[in-house]
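Given the coordinates of chain A, assemble chain B onto it according to the supplied hints.
Residue numbers (this note's numbering), protein chains in the order written: chain A, 1 to 625; chain B, 1001 to 1625.
These are calculated hints, taken from the structure and not from any lab test. A quick note: this is a predicted structure, and the numbers were derived from the prediction, not measured. Where is the CB? At the ideal position from N, CA and C, for every residue including glycine. Just so you know, nobody snuck in bad clues.
Cβ-to-Cβ under 10 Å is the rule here; a few derived chain A residues that face chain B: (1) 249; (2) 259; (3) 311; (4) 322; (5) 385.
Far from chain B by the CB rule (all over 12 Å, computed), these chain A residues: (6) 85; (7) 111; (8) 112; (9) 113; (10) 185; (11) 192; (12) 430; (13) 439; (14) 445; (15) 492; (16) 515; (17) 576; (18) 598.
Protein chains: 2
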Amino acid sequence: MSQESTTLASHLAQRGPAAPTRDAWTVLRPLGPHAVQITSGLWHQRAQANRAASIPEGLTKLGEAGNLANLEIAAGRSDGDAIGPIFADSDVYKWLEAAAWEYAREPDEELLAEQLRVTALVAAAQQDDGYLDSVMQAREFQRYGNLPWSHEHYCAGHLIQAAVAQVRGTGYTDLLDVAVKLADHLAATFGDGKRRDVDGHPVVEMALVELYRETGNRPYLDLARFFVQARGHGLMESYGNEPTYYSDRVPVREARTVEGHAVRAVYLGAGAADVAVETGDEELLKALSTQYDSMERSKQYVTGGLGSRWEGEAFGDPFELPTDRGYAETCAAIGGVQWAWRMLLATGEARYADQIERMLLNGFLAGVSLAGTEYFYVNPLQLRSDAHPDENRSPAHGRRGWFTCACCPPNIMRTFSSLAGHVATADHRGVQIHQYAAGAVRVPMDGDALVLDVETEYPWDGAVRLRVASAPARDVEIALRIPAWATDATLDGRPVTAGGYSRVSRTWTAGDEVVLELPMQPRLTVADHRVDAVRGCVAIERGPFVYALEQVDQEAGAIVDDVRIDAETGFEVEHRPDLLGGVTVVRASGSVEGRQRPVTLTAIPYYAWANRGPGPMRVWIPVSQ
Amino acid sequence: MSQESTTLASHLAQRGPAAPTRDAWTVLRPLGPHAVQITSGLWHQRAQANRAASIPEGLTKLGEAGNLANLEIAAGRSDGDAIGPIFADSDVYKWLEAAAWEYAREPDEELLAEQLRVTALVAAAQQDDGYLDSVMQAREFQRYGNLPWSHEHYCAGHLIQAAVAQVRGTGYTDLLDVAVKLADHLAATFGDGKRRDVDGHPVVEMALVELYRETGNRPYLDLARFFVQARGHGLMESYGNEPTYYSDRVPVREARTVEGHAVRAVYLGAGAADVAVETGDEELLKALSTQYDSMERSKQYVTGGLGSRWEGEAFGDPFELPTDRGYAETCAAIGGVQWAWRMLLATGEARYADQIERMLLNGFLAGVSLAGTEYFYVNPLQLRSDAHPDENRSPAHGRRGWFTCACCPPNIMRTFSSLAGHVATADHRGVQIHQYAAGAVRVPMDGDALVLDVETEYPWDGAVRLRVASAPARDVEIALRIPAWATDATLDGRPVTAGGYSRVSRTWTAGDEVVLELPMQPRLTVADHRVDAVRGCVAIERGPFVYALEQVDQEAGAIVDDVRIDAETGFEVEHRPDLLGGVTVVRASGSVEGRQRPVTLTAIPYYAWANRGPGPMRVWIPVSQ
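Pulled out of the complex, with its shape left as it was, chain A reads as follows (with noise of 0.2 Å):
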């Protein structure tokens, strides 16, 4: 072990996830983990469950699922049959990452000293040559034999990104020698006359371009561009693999939409996207900029949800968004922020830090519990009465400890801890604020910083105050995101305009004050015509809160399956800081199919539903005739 904890100081100070050299065609700077804190309001609380509970209960469902076991067969420790999926290892990996980050959020020597001793266990695991995939090693399966499914390369991504993490979160480099052993065995391997095939599953395109970015070592980027572009010349069909689900049909650079397994679009997406800002590759950026567009018109639920069916794991055709058998897999919301980010360090659109908190705020955050024990694997808008739970990861069944196919949790315990990293970017005009949450900016600047206290009680008010308490004597422009739907927001009381940043440039000194007003009327959102599955129907919304019925919370006989809503009466709003962590619920006037009594509706925000069981709820409601 080789901590190295003055040195790193800095560094550590610089990188979170994802971050662009100074040469990468990006827009904006992230700050690095240490740069935000987040001290109260809902994303602490549930950072602070996901340290409490989430991350350490994970550690145990490793051991219980075999995970764990597994590497200790492929280090030769014990005897035995692998277990699990063939991509078991990556959700030890993804803990670690969660580990990692989690230690640069605050750091816990025991869950350092746990962490370091399952880094030990897989570089025991690793062969002399570099090659390291327990599942593959323990059953004996020849190497890369069948990478559309093998997983191999899947695994490996993950574990050089948890090494990533690992050395930027702590400063330790253990993970860092076995993913740099890994990479180079990878890249003797595979690619220009080499042999020429990707895995099934992206992910290793990313991670490859990290571990660039923090050895500086050329061949990582070079391997991944191989593999961005190796995709989509039938690769997958010289196995007899169908292309279109493993993002393999068209080529990154042609393609105009996502499709197929959707994580795997978009974490290639996003793997694309740092190819592109570190090569410069103008082209395969526009080419990104449209799958994504075409992704957030035609293929996106309110929720930010990604991928609507069940088959396949996969993007549907354009507007095919079934609320009821929506799939909106949990790593698909955290693989659409991971590209979202990207796209916008390379294009500074405020359109993707919109993104951003729209898949945070409903498509994920519904992927976990309040208290941080229990995932959603799969996140419907709809769950009728009767429905039945026929699968692991049926929603019918309510929340769950953990799953067969374990991806979730662990990507779900990565993103909590590494999520302060999303809040504020840097360039050379001064510092970017893309979400906002309660506590403190930190932006070095040429030796000084630029220290802003951050008060607000947002997501639930819409008042932010950034007050300076410490800046460099030079004009500094603050930008600060006007989000899409606040079509009335002011900033220092003077009215600015939705959908992108508002800035404010001056010299600023200890104790000056931005103050934004972000508008929280709720509001009643209309799908486009051409997604069937919702017309007639409205989503409310509130601020960044996409909002539900949960039957639990209705009138005596108003079954969410039966009711609509009176769209022309106005809402109640009340803050319960008693209910679901403290939520602000909205009423609005509504009726029950077939009866003529008024009834009281009461939406929750979507995240939260399923805390008190399973039961009927309903995203988009059927508008009163």
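Chain B alone, transformed into the frame defined by chain A:
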């Protein structure tokens, strides 16, 4: 070979598929395959295409796809690995069944020779103790080692059905010898006091009851009863399988609805109905009636389609009936007809005949092209612009000549060949006409016979004229089904009640006529409000047909994805003999989303879609506000 054509003549006249014994608890008695001739009109046209194209090409496809080769391997006539799915034999058996019923419909010695040649191959593949499953034999898999998935009983069931069809349809007992040997082996192996286990895919239940009916050998009925009873008691779970998919979560006798894999569920329903009527099991029949009601009310498309989920080819939750991803497997419509037919015989309730008509003329008929050469496995109620085919089965491909899993094509073939058997039944009072088609119905009556000529252009025209050709010299009742949609029907000019049978009893003499007039005005159908997928939409129906808008028939610029229908103005109806083999088109006024100018919408019967290439289509049409 052992044709006994003379002695079998009366036998042949009396037994079609599903022929209850005299002792069975049925209200109605089916007529044999020779009793009803359909001589012109839609069904005749399509049955002729089945005979001229589907059946001959089907045998070629079975050769090309390897199904016959598998039997050659099992017969020790060639070497090699079995090809195709584990249930490959069943497609051969369904083809044999089709060929057998087709011979009864109209003899063709060449087809008979082919049938007997394939029969000999099947016989050669059978093992000495009666076991037969060519794929299992060729792969040297352990017999019954994985019954939830091995389809061994499923294949046996289809073989037995084919054998029963062969003896009833042609008089040959070659395949019956194989079936008896196999059934004896099954009866010796499975059941109470023997191996307590069931196949994951029902069908053997129906088959064994039919074999009992054909042979009088009670152990076949007992085994069928055992298989029906054994489900729902954790047998699948002992293999680690999820029981819902296999209709194994709840005992058949206790189930209140259908769930899981749709084809499995309806085949089980049909087999259980056979067991119920032959064992006088009123409780079981009542449970099946409840299940059928639930299915019809909450889990069936307007097209009669069954099974809304791609994932697991399964029934969804109640009212989960998406249009775009509606699965509605062709085989499920066929199984639905089989179940409804058995419920009709058992109860005499007209609603089951209504169901058969709905399923046959819409959900089933859509499964095959007009020419009888291309098929749909999946029958959604909507295809959008830019729909992308990502699977072999996807309707976005358009129809296909065959499938990797080719269960549907030969299932369609056997249905066409035995279709006439569903037209009429008899009881002690007389004859019941359930379906209307031009031709003749001959009901044997104690040495005498009632012979009716049927003149009609139905289902295009509502007039049905029954003319008595000969009759016994005593009172005989003729019962005519008045479909539930036929609210203004008349019989001999007098209004009759929709949804039941209108009965005329008298002593008939040659030349007597009964004239039924069914109303053929197009009508707009609205779904239950809980079918969220079609809120604000209507479906056009005319007579027994469900209509669809297909892009190719619409005005320039009227993209089917974007149209609305004006529900207040009327329809224009035109019969187009030149179009799609002759169809009545329905025109209605409508508009295009976001435009002022009205458009004329042109609808064709749903079954005829995708005969001019794939393209946007919709059954449920949004109503103009």
